[in-house]
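Trainee: Sequence:
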Amino acid sequence: MRKVTEELAEYVADSINLVLHEELVHQVKRVILDYFCCAITGSKTAVSNQVFQTLLNLDGEGDYNAIGYEKGLSKTNAVFINGTSTHCLDLDDGHTNGSIHPGVVVLPPVLAEAQKIKPSFEELARAIIIGYDICLRISSAIHPSSRKRGFHNTPIAGIFGAVAGLCVLNKCGKEEVRNAFGIAGSFAGGIFAFLGTGSEVKRIHPGQAARDAILAVELSMNGLTGPKSVLESENGFFQAFAGGDISVERLFLDLGTSHEIMNIYFKPHPCCRHLHSSIDAIYKIKEKTNLNLTEITSIRVGVNSIAYKHRHHECQSFLDAQMSLPYSLALALVHPSLEIEHFTPENSTDLIRNLAKRVDIYIDERAEQVYPYERPAFIEITLKDGTKMVESVSNPLGEPSVPLDDKKLKEKFLGNCKGIMGEDKAQQTIDNIFNKDINLDFLYRL
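Residue numbers (the UniProt record's numbering): 1 to 446.
Treat the hints with caution; some may be incorrect.
[Stated by the list, open to error] In silico lysine-lysine, DSS-like type, Cα no more than 27 Å apart, as pairs:
1. K436 / K118
2. K418 / K71
3. K384 / K357
4. K408 / K286
5. K44 / K425
6. K171 / K29
Rather than coming from a laboratory, the hints here were simulated on the basis of the structure.
Could you put the whole structure together from the sequences, leaning on the hints where they help?
Mentor: Below you can see the structure in the form of structure tokens.
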């Protein structure tokens, strides 16, 4: 196998010369806006408050921004809470090929480091672009093997992207990057045991990875060494998390000439991305017909084998509902659009639960053959009189092929944040991010 770790470390170290074209810069701004949307909104959840209070009790206040909170925390604790808050509502950006949420791991440590060293926006943008490149390429290389083994790609691959972004900001040399990768490989962790259990631990996975990236880079910069072939060695990351079943081709495809940040999606629905194609198909059916929900006898849904894992009907918690394909489709049948509050246990109804029970999920070979490059869903609704309504969606809204444009992304921010920070400040935040002369200090105070 190629010297993967060395080649990626060299790429990160050389990225100080990365030329930023206008399209890249604009995408970074979209990423930053969506990140703050998710972090601000997520900071008001019970899980975020539990984590914040725990960190405050452990180490007290600090000088680093904990988004959505009046009190600051230490650097590592601020990174932990910001990574957690941003993932608390499942609204954060993602990448289909790698089945990963990059922003929630890359941005918290990179922005915390930027608060300390005061880079230019161009330097910050390079760090974010390269951070996305590294974690999205690693996750694409190991997926779906890693997911089939029970691992959560967001923390296990995300930590390498966070390390890369930090190394770019700190202008680390190749060996420092390589050692930081080596240390991060021992920190990497996160499993899918939470699925369908009512457990909220998934929310802290990105926070943990983002915090550990800070430690990995600081340790490397202070001389601690890590295995120099941590990714590809016999006992390394690829073997441990994917059983060695990886795609080196996806890892290096157009490295340096094409940047994966351009291939991410932005979420319109606050739930697991594996559910979105099916949800969009339901809305297409509703657009075409005046559907009487009491007449529905069955809803058959064909998806890939990974989405099939989200077939649980019983939902014990907010997270369970966000991870359940049957429950989410029931919500889509009942509501004209999906909002955060629809997934809470207190808003569950007999109608929603009964509709969810009528959903039958199966593995469709058409979906299986194109995954992970596409996430199609095939829906068939049968009514009491025998009428069948059939619909399919190849890619859900928010993918690069079906994008959320700037207008919709700004509406997402305003809709979620104006009730928390006030409409004027929410609009000021949008204007600042998309301003040619972005004020980074303003962001550090949100």
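Trainee: All the hints need checking, so say for each whether the structure fits it.
Mentor: Verification of the hints:
no., hint, result
1, K436 / K118, "18 Å, holds"
2, K418 / K71, "21 Å, holds"
3, K384 / K357, "16 Å, holds"
4, K408 / K286, "21 Å, holds"
5, K44 / K425, "17 Å, holds"
6, K171 / K29, "22 Å, holds"
When the structure is compared with the earlier hints, no violation turns up for any of them.
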